[in-house]
Amino acid sequence: KAGVTQTPRYLIKTRGQQVTLSCSPISGHRSVSWYQQTPGQGLQFLFEYFSETQRNKGNFPGRFSGRQFSNSRSEMNVSTLELGDSALYLCASSSEPGQVTGANVLTFGAGSRLTVL
Amino acid sequence: AQKVTQAQTEISVVEKEDVTLDCVYETRDTTYYLFWYKQPPSGELVFLIRRNSFDEQNEISGRYSWNFQKSTSSFNFTITASQVVDSAVYFCALKWGNNRLAFGKGNQVVVIP
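Taken in sequence, the protein lines are chains A and B.
Residue numbering for the first sequence follows our numbering, starting at 43 and increasing by one per position.
Residue numbering for the second sequence follows our numbering, starting at 66 and increasing by one per position.
Note that these hints are calculated values from the structure, not bench results.
Note that CB positions come from ideal geometry on N, CA and C, so glycine has one too.
The reader is advised that the hints may include incorrect statements.
Said to hold, decoys possible - No farther apart than 27 Å at their CA atoms in a straight line, the calculated lysine-lysine pairs in the BS3-like style are these: (1) A:Lys-99 to B:Lys-170; (2) B:Lys-103 to B:Lys-135; (3) B:Lys-170 to B:Lys-81; (4) B:Lys-103 to A:Lys-99; (5) B:Lys-170 to B:Lys-68; (6) B:Lys-103 to B:Lys-68; (7) A:Lys-55 to A:Lys-99; (8) A:Lys-99 to B:Lys-68.
Claimed, not checked - Now the stretches of chain B that chain A is said to cover, found in silico as 3 or more residues with beta-carbon under 8 Å: (9) 97–111; (10) 167–173.
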């Protein structure tokens, strides 16, 4: 079956602009998470959505937002872009609602590489 | 707070040598899960192995093996008889709070033919 699909794969923006990234999870997966990867901070959790509701949010400013649609596809938006937002943004999906006692595995997409000039 | 530490940054080995990656984690939770992911140059994180906090049995899967020691909060990963295709960045991760993963900084593994 198809994996996690992220679009676009690469994009270049300038400071002050906004960007929207898209993620299509594996069919049947209802949980979608987003991570930011930078050389300095590594992989950091942004937020997680399940059934169109944000269930978890990482320590990022309000410029970072997301949403999930009824078909489980998710988008994340970054407004008023800053140079430091240049990163690889990874989306992951999983097949069951995240629970501490669950062992569901997150399947990641190839990412969207954002460059802010 | 949840924290994962991977001390080594870059590890170079000659093909067919074994390589062991160290991972130390911190958590106050009694129930948690540990993972290893591989990130090749393409960027996608590929799941390798997982272990829950109640099962300290060490296993071997093909050329991969892992050593989970709860007493020292360590979850080390070994690639046996390394191959050039194993060249990638390897991440140790701790699962907590639903689907929230805390990642280590990663180990860049370079396998020299």
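Hints broken by the structure, by number, lowest first?
-> none
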